[in-house]
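Novice: Those protein sequence lines, which keep their order, are chains A and B.
Quick note on this note's numbering: the first sequence kicks off at 1 and runs consecutively.
Quick note on this note's numbering: the second sequence kicks off at 1 and runs consecutively.
Treat the hints as calculated values from the structure; they're not laboratory data.
Note that the structure is predicted; figures quoted are calculated from it, not measured.
Some clues are possibly wrong.
[What the hints assert, rightly or not] In silico SDA-like links for lysine to any residue, alpha-carbon gap of 20 Å or less:
#1 A:Lys31 - B:Asn114
#2 A:Lys77 - A:Ile149
#3 B:Lys105 - B:Lys52
#4 B:Lys52 - A:Ser38
#5 A:Lys31 - B:Lys105
#6 A:Lys77 - A:Asp144
#7 B:Lys31 - A:Asn45
#8 A:Lys91 - A:Asn11
#9 A:Lys31 - B:Asn45
[Unchecked claim] Here are some chain A residues the structure puts well away from chain B; computed CB gaps all over 12 Å:
#10 Val40
#11 Met44
#12 Asp54
#13 Val68
#14 Gln95
#15 Pro97
#16 Thr110
#17 Ile125
#18 Asp127
#19 Asp129
#20 Pro130
#21 Lys134
#22 Cys138
Don't be surprised by glycine CBs; every beta carbon is placed ideally from N, CA and C.
There are 2 protein chains.
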Amino acid sequence: MKKLKITPIKNGTVIDHITPGVAVKVLHILKIPESTSSVVSVAMNVQSRMGKKDIVKVENRELDPKEVDKISLIAPKATINIIRNFEVAEKHKVQLPDEVIGIVKCSNPTCISNSKEPVQSRFLIVDKDPPRIKCYYCEREPEDIAERIT
Amino acid sequence: MKKLKITPIKNGTVIDHITPGVAVKVLHILKIPESTSSVVSVAMNVQSRMGKKDIVKVENRELDPKEVDKISLIAPKATINIIRNFEVAEKHKVQLPDEVIGIVKCSNPTCISNSKEPVQSRFLIVDKDPPRIKCYYCEREPEDIAERIT
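For reference, chain A alone in the conformation it holds in the complex (with noise of 0.2 Å):
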């Protein structure tokens, strides 16, 4: 029988309770595989407490703040956990930012943050989980965000 020997990390970052089906979004986010040469490991639908699950461990890593709001848009049940030195060191939920600023792309070709104008992103919280946002300036609302995530 094949097994898939799993050895705890001595640093990295455990992501937890993401939504399942949005493992592989998270990769996109984090540019894995292009990003590292270090192990990482996935766990799709995986049985929990509170129903199924995503896990993505990534190995000597922490992630940016930037990479962390991103999450939050497409797993708002997510928690970071960092390993260091095989301790968790640090362990927090994901949290949506008040205003998502530079880092989704308005949907509407004509909007203003989609012009030659010094305008970055701009978008107002609609709803909490699932995260819905829409744009400051256009009130469009986009229909995938992960799609559009930049």
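We have chain A; now place chain B onto it with these hints.
Specialist: What follows is chain B alone, placed relative to chain A:
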């Protein structure tokens, strides 16, 4: 310390010895996550005797021959292990087909396989590892085969 518990699977497929960095493309070929609600596990950049590799494990699914042909084009060293009732029931290496018919879209927009004619795409093998193919009709070689798999 947070561990990912990976238990043996009862039925399913383990795709081993995938070229490192290619696991996400294998998921794309298998239409994961859309195509399954069963558990899927992925390990990337795992050290093995023959260098680094990726592994994909899909529960409750056996691959069809077209999926295996597609995987052979992006991970020519991959092995397919079919698990039935906790045992490896079948194990084989992927094998590049002699011709690649109907699974890669030619990158030449004026190729007859991209016209309205009832002509299936058809490629000849130029090199086996890494795989290089060229269009039977217009001789164009796709630069990134993974991007052109339909």
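Novice: Straight-line Cα separation of Lys31 (chain A) and Lys105 (chain B) no greater than 20 Å?
Specialist: Status violated; Cα separation ~26 Å.
Novice: Would the least Cβ to Cβ distance between Lys134 (chain A) and chain B come out above 12 Å?
Specialist: The claim holds: Lys134 (chain A) sits with its nearest Cβ about 27 Å from chain B, beyond 12 Å.
Novice: Quick one, are Lys77 (chain A) and Asp144 (chain A) close enough, alpha carbons at most 20 Å?
Specialist: holds (18 Å)
Novice: Please verify whether Lys52 (chain B) and Ser38 (chain A) have alpha carbons no more than 20 Å apart.
Specialist: holds (10 Å)
Novice: Are all C-beta atoms of chain B more than 12 Å from that of Gln95 (chain A)?
Specialist: With a cut-off of 12 Å, Gln95 (chain A) remains clear of chain B, as the shortest Cβ separation is near 20 Å.
Novice: Measuring Cβ to Cβ, find out whether Ile125 (chain A) lies farther than 12 Å from everything in chain B.
Specialist: About 25 Å separates Ile125 (chain A) from the closest Cβ of chain B, which puts it past 12 Å; holds.
Novice: Taking C-beta pairs only, is Thr110 (chain A) more than 12 Å away from all of chain B?
Specialist: Thr110 (chain A) clear of chain B: closest Cβ-Cβ about 29 Å, beyond 12 Å.
Novice: Does Lys31 (chain A) pair with Asn114 (chain B) here, judged by a C-alpha cut-off of 20 Å?
Specialist: violated (32 Å)
Novice: Could you let me know if the closest chain B CB is still more than 12 Å away from the CB of Pro130 (chain A)?
Specialist: holds (16 Å)
Novice: Any Cβ of chain B at or closer than 12 Å to Val40 (chain A), or is the non-interface label fine?
Specialist: Given that some Cβ of chain B is not farther than 12 Å from that of Val40 (chain A), nearest at about 4 Å, it is violated.
Novice: Looking at Cys138 (chain A) again, its CB stays over 12 Å from all of chain B?
Specialist: holds (30 Å)
Novice: Grab the minimum beta-carbon distance between Val68 (chain A) and chain B and tell me whether it stays above 12 Å.
Specialist: Answer for Val68 (chain A): holds, closest chain B Cβ roughly 17 Å.
In summary, the structure is inconsistent with hints 1, 3, 5, 10, 11, 12 from the numbered list given earlier, while agreeing with the others.
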